[in-house]
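Novice: Sequence:
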Amino acid sequence: MNELSSDLEPHYATVLARNPGETEFHQAVAEVLESLAPVVRKHPDYLHHAVIERLCEPERQLIFRVPWTDDQGRVQINRAFRVEFNSALGPYKGGLRFHPSVYLGIVKFLGFEQIFKNALTGLPIGGGKGGSDFDPKGRSDNEVMRFCQSLMTELYRHLGEYTDVPAGDIGVGEREIGYLFGQYKRITNRYESGVLTGKGLAYGGSQVRREATGYGTVFFTEQMLASTGSSLSGRRVVVSGSGNVAIYAAQKAAELGAQVVACSDSSGYVVDEAGLDLALLKQVKEVDRARLTAYAAERGSARFVAGGSVWDVPCEVALPCATQNELDDAAALKLVENGVLAVAEGANMPCTPDAVRLFQERSVLFAPGKAANAGGVATSSLEMQQNASRDSWSFEHTEQRLHEIMVGVHERCASAADEYGSPGNYVAGANISSFIQVADAMLALGVV
Numbered sequence: 046m047n048e049l050s051s052d053l054e055p056h057y058a059t060v061l062a063r064n065p066g067e068t069e070f071h072q073a074v075a076e077v078l079e080s081l082a083p084v085v086r087k088h089p090d091y092l093h094h095a096v097i098e099r100l101c102e103p104e105r106q107l108i109f110r111v112p113w114t115d116d117q118g119r120v121q122i123n124r125a126f127r128v129e130f131n132s133a134l135g136p137y138k139g140g141l142r143f144h145p146s147v148y149l150g151i152v153k154f155l156g157f158e159q160i161f162k163n164a165l166t167g168l169p170i171g172g173g174k175g176g177s178d179f180d181p182k183g184r185s186d187n188e189v190m191r192f193c194q195s196l197m198t199e200l201y202r203h204l205g206e207y208t209d210v211p212a213g214d215i216g217v218g219e220r221e222i223g224y225l226f227g228q229y230k231r232i233t234n235r236y237e238s239g240v241l242t243g244k245g246l247a248y249g250g251s252q253v254r255r256e257a258t259g260y261g262t263v264f265f266t267e268q269m270l271a272s273t274g275s276s277l278s279g280r281r282v283v284v285s286g287s288g289n290v291a292i293y294a295a296q297k298a299a300e301l302g303a304q305v306v307a308c309s310d311s312s313g314y315v316v317d318e319a320g321l322d323l324a325l326l327k328q329v330k331e332v333d334r335a336r337l338t339a340y341a342a343e344r345g346s347a348r349f350v351a352g353g354s355v356w357d358v359p360c361e362v363a364l365p366c367a368t369q370n371e372l373d374d375a376a377a378l379k380l381v382e383n384g385v386l387a388v389a390e391g392a393n394m395p396c397t398p399d400a401v402r403l404f405q406e407r408s409v410l411f412a413p414g415k416a417a418n419a420g421g422v423a424t425s426s427l428e429m430q431q432n433a434s435r436d437s438w439s440f441e442h443t444e445q446r447l448h449e450i451m452v453g454v455h456e457r458c459a460s461a462a463d464e465y466g467s468p469g470n471y472v473a474g475a476n477i478s479s480f481i482q483v484a485d486a487m488l489a490l491g492v493v
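Residues 46 to 493 in this note's numbering are what the sequence shown spells out, letter by letter.
Be careful, since some hints might not be right.
Stated by the list, open to error - Derived DMTMM-like pairs (lysine to aspartate or glutamate); straight-line CA-CA distance at most 20 Å:
(1) Lys379 <-> Glu343
(2) Lys182 <-> Asp333
(3) Lys230 <-> Glu219
(4) Lys230 <-> Glu199
(5) Lys379 <-> Asp357
(6) Lys182 <-> Asp115
(7) Lys182 <-> Glu98
(8) Lys230 <-> Glu206
(9) Lys327 <-> Asp399
(10) Lys87 <-> Glu54
(11) Lys327 <-> Glu343
(12) Lys87 <-> Asp399
(13) Lys379 <-> Glu361
(14) Lys87 <-> Glu464
(15) Lys87 <-> Asp463
(16) Lys182 <-> Glu318
(17) Lys327 <-> Glu300
(18) Lys87 <-> Glu104
(19) Lys182 <-> Glu206
(20) Lys87 <-> Asp52
(21) Lys379 <-> Asp399
Don't read these hints as lab results, they were simulated from the structure.
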């Protein structure tokens, strides 16, 4: 990490001491604090009223066991978490992640990021996150259902459309959200549609929600390029991952005239010089739930590379859409050497601090995840609006609202970066703009 100012170093030291071993959370806090020296110099009240200490300490942390029975009749036990981090702007809002890597440090990092991401949207939502070390891969629908029902049997008492509103994340899609919502409805005897987002269209979901994170990442990228007089049209694009975010980032980039030539999964990556066949990719990943080897077997122009790094593929625009810390300084250097112009994080914190520094030193346009991938939670908030008004919007109207929100996110980041002496630095702009909004709300609400 960069050296912190003397005003902020003690606050980071406190975070390290109070949260030992939670390296992802430490990284997320440091990344924000590195941007705030000019802010606390201009607004010393933020220090005098312990805003930073309060921001770094979740309002509530929930840890509980989830017992469930597999198809062989064996009892399984998983651990689940919900970190309700900050509600100064609205109810806690953030996804649930089901993955073996989930532990408290990852949930806290994600929840901390969510505070600022949600603030950047300009919508009235606070920050939270949750998840479990349950792995849905290889599990039957009935096993996933039993796990989701058991998790919700504990979690429901902490949720509500004005309290805490979860959504999906890695390992949690429409199937899982459906099972969770069904159990919530059964336990509470209320059809409280706004308590979960990412629902299916048949029971209160929103158009564009599946596409929103990927679409929003590309909308932000287009705004970054436009600020330099450029665009995505004709650009060569590489996407990491091949899940929800990656697929729809690739789709929107292609619609805007880019040529998306590569994507990846845990087995390796595929290069398709003719441009990714998105219909085939969706079939392989969303329907068949198969590996990218199946895509390459069906597509004559595609070449599969086992293992390795998708960032070895030359591109002008890179969209890391897989998971945290997937793109390190070596990969960043390879991208720079191959002529990358812009990088936008579709995932949460996929670039290591050294990679981010390298991009900034080499004048590569860089969009941090809390800004670039805010489209997902923004459209979740639009889903909450529709549920509250008993309404349902068209795909076109919802996409237009998403586009307007992402243009606003870009403007807030660019404006704050200019005001605080870091023009073109979207990391500083995103952190400063969102921090000020949350900090001012916290001051207004008193010591709570």
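Novice: Against each hint, give a clear statement of whether it holds in the structure.
Specialist: Hint-by-hint comparison with the structure:
no., hint, result
1, Lys379 <-> Glu343, "violated (29 Å)"
2, Lys182 <-> Asp333, "holds (13 Å)"
3, Lys230 <-> Glu219, "holds (16 Å)"
4, Lys230 <-> Glu199, "holds (13 Å)"
5, Lys379 <-> Asp357, "holds (6 Å)"
6, Lys182 <-> Asp115, "holds (13 Å)"
7, Lys182 <-> Glu98, "violated (38 Å)"
8, Lys230 <-> Glu206, "holds (13 Å)"
9, Lys327 <-> Asp399, "violated (33 Å)"
10, Lys87 <-> Glu54, "holds (17 Å)"
11, Lys327 <-> Glu343, "holds (13 Å)"
12, Lys87 <-> Asp399, "violated (28 Å)"
13, Lys379 <-> Glu361, "holds (12 Å)"
14, Lys87 <-> Glu464, "holds (11 Å)"
15, Lys87 <-> Asp463, "holds (15 Å)"
16, Lys182 <-> Glu318, "violated (30 Å)"
17, Lys327 <-> Glu300, "holds (16 Å)"
18, Lys87 <-> Glu104, "violated (27 Å)"
19, Lys182 <-> Glu206, "violated (30 Å)"
20, Lys87 <-> Asp52, "holds (12 Å)"
21, Lys379 <-> Asp399, "holds (13 Å)"
Checked against the numbered hints above, the structure breaks hints 1, 7, 9, 12, 16, 18, 19 and satisfies the rest.
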